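Enquirer: Sequence:
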Amino acid sequence: GQPAPATRGLRCLVVDDEAAVGEVLADMLQAAGHQVELYTDPARALERLGRDAFDIVFTDLGMPGITGWDVARAVKAGRPEVPVVLITGYGVEISDEESRRHRVDEVLVKPIEMNALQRALARVTPAPA
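Residues 111 to 239, numbered by the numbering used here, are exactly what the sequence shown covers, in order.
DEER-style ranges, computed between Cβ atoms: (1) D137 / V234: 14 to 24 Å; (2) G172 / D206: 11 to 21 Å; (3) A163 / G143: 17 to 27 Å; (4) E223 / G172: 15 to 25 Å; (5) G175 / P236: 28 to 38 Å; (6) A163 / G201: 31 to 41 Å; (7) N225 / A153: 25 to 35 Å; (8) S205 / G143: 28 to 38 Å; (9) E207 / A129: 29 to 39 Å.
Keep in mind that the hints were calculated from the coordinates and are not lab data.
Quick caveat, the model's predicted, so the values are computed rather than measured.
C-beta: ideal position from N, C-alpha, C; glycine also.
From just these sequences and the hints, can you work out the full model?
Expert: In structure tokens:
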């Protein structure tokens, strides 16, 4: 059967230097009932993270200046319990070992599909009690 959606909306932070990609992901998350803040500048996203609590962070891997690995490290340094989902381009292979080393919880490949997104969310968010 279908997995039950989480009962509460998650506060999601999306970081992608390509606004179009970030917007597609933000739209999907909003359609699933979550709140989203979208940043195309990873430095500003990290500043925002320092000021506020998010339930989950989605970050593109390949960004100029600050990579997705850097974002993941910064998230976990401040709030180790917050899941980080890394978004990679088509054909980019990321080993489980590499993900673990950088403390990334899930990897999504562009173009992002709704069911892949939902599966990733289901794996990283605790089931509603």
